[in-house]
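Using the sequences plus the hints, can you model the full thing?
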Amino acid sequence: DTAVSQTPKYLVTQMGNDKSIKCEQNLGHDTMYWYKQDSKKFLKIMFSYNNKELIINETVPNRFSPKSPDKAHLNLHINSLELGDSAVYFCASSQDRGENQPQHFGDGTRLSIL
Amino acid sequence: AQSVTQLGSHVSVSEGALVLLRCNYSSSVPPYLFWYVQYPNQGLQLLLKYTTGATLVKGINGFEAEFKKSETSFHLTKPSAHMSDAAEYFCAVSDDDRGSTLGRLYFGRGTQLTVWP
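These protein sequence lines map, in sequence, to chains A and B.
For the first sequence, position 91 (counting from the first letter as 1) is numbered 96 according to my numbering, and the numbering increases by one without interruption.
For the second sequence, position 43 (counting from the first letter as 1) is numbered 131 according to my numbering, and the numbering increases by one without interruption.
What the hints contain is simulated information worked out from the structure, not anything from laboratory work.
Fair warning: this is a prediction, and the values are worked out from it, not measured in the lab.
One should not assume that every hint holds.
To be verified - Below are the BS3-like pairs computed for lysine-lysine, each with C-alpha atoms no more than 25 Å apart in a straight line:
#, chain 1, residue 1, chain 2, residue 2
1, A, Lys57, A, Lys27
2, A, Lys41, B, Lys137
3, A, Lys46, B, Lys137
4, A, Lys49, B, Lys137
5, A, Lys27, A, Lys41
Claimed, not checked - Over 10 Å on every C-beta distance to chain B, these chain A residues come out as not near it, computed from the model:
#, residue
6, Glu29
7, Asn31
8, Ser53
9, Ser70
10, Pro74
11, Leu88
12, Asn105
13, Gln106
14, Pro107
15, His109
16, Ile118
Every residue gets a Cβ at the ideal spot worked out from N, C-alpha and C, and that includes glycine.
What follows is the structure in structure tokens.
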């Protein structure tokens, strides 16, 4: 059983389009995250939700909007896609928001902007 | 804010040789430290973590890491490399504001490990 699953795995689209990435975890965790990994493999957190409440909102353009319909799901919607948005986006979850909690990652969504 | 430095973006070893991947961190408080591994086209998997207690931490796949406060280091080692160890390895440190409990992780830039037969 996949613990953290993201869809789609690959996303190729044109500049200016709007797209969404979905994430679901079946671990019963309270906290979920979105990370962006750039072409140099650098990972940076974008957002975090705890029990559907936004708790981390890093300096991210407001074209990016996360939504958590329930604590098992955290989706990422991106408006007006730009070339610089090309990256791998990872969803992750942890038992709770504690600093010592390991995070479980999905396999990533590879977004390419043409 | 926390920061993590991984010395060496690429490390190559022969199969059976010692693996040493270096990680140094900066923190104003005792940190929580993690090592993650990323195989091609996959997400990150936790190898091991240090929270409190014993400074030598054992993880999966024969890896271990030692927390050295005096050196602000958390280097990852494995006595004998295997071909299947070839992957990208990330060191991470948790949020330094203990009151915040946000679970924010700061990652190093990763070290690509190549294992030669």
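Minimum C-beta separation from Leu88 (chain A) to chain B exceeding 10 Å: can you confirm that? Given that every Cβ of chain B is farther than 10 Å from that of Leu88 (chain A), nearest at about 22 Å, it holds.
Run the C-beta distances from Ser53 (chain A) to all of chain B and say if the shortest one exceeds 10 Å. violated, 7 Å
10 Å Cβ clearance of Asn105 (chain A) from chain B: violated, 4 Å
Distance rule for Ser70 (chain A), whose beta carbon must clear each one in chain B by more than 10 Å: Non-interface label stands for Ser70 (chain A): nearest chain B Cβ at 20 Å, farther than 10 Å.
Confirm or reject: Glu29 (chain A) is not an interface residue toward chain B, with every Cβ-Cβ distance exceeding 10 Å. Answer for Glu29 (chain A): holds, closest chain B Cβ roughly 14 Å.
Does the claim that Asn31 (chain A) lies off the interface hold, with its Cβ farther than 10 Å from every Cβ of chain B? holds, 15 Å
Would you check whether the claim that Pro107 (chain A) is not at the interface survives, using Cβ distances to chain B and the 10 Å cut-off? It is violated; Pro107 (chain A) is separated from chain B by about 4 Å at its closest Cβ, not greater than 10 Å.
Is the straight-line distance between the alpha-carbon of Lys27 (chain A) and that of Lys41 (chain A) 25 Å or less? Roughly 14 Å between the alpha carbons, so the hint for Lys27 (chain A) and Lys41 (chain A) holds.
Does Ile118 (chain A) sit more than 10 Å from chain B, CB to CB? holds, 19 Å
Measure nothing beyond the straight line between the CA atoms of Lys41 (chain A) and Lys137 (chain B); if it is 25 Å or shorter, mark the hint as holding. The given pair, whose Cα atoms are some 22 Å apart, holds under the 25 Å limit.
Check whether the Cα positions of Lys46 (chain A) and Lys137 (chain B) lie no farther apart than 25 Å. Measuring from Cα to Cα gives roughly 21 Å; hence the hint holds.
Satisfaction of hint between Lys137 (chain B) and Lys49 (chain A), Cα-Cα up to 25 Å: At roughly 19 Å apart (the allowed maximum being 25 Å), Lys137 (chain B) and Lys49 (chain A) satisfy the hint.
Violated hints for the displayed structure, listed by number in ascending order: 8, 12, 13, 14 and 15.
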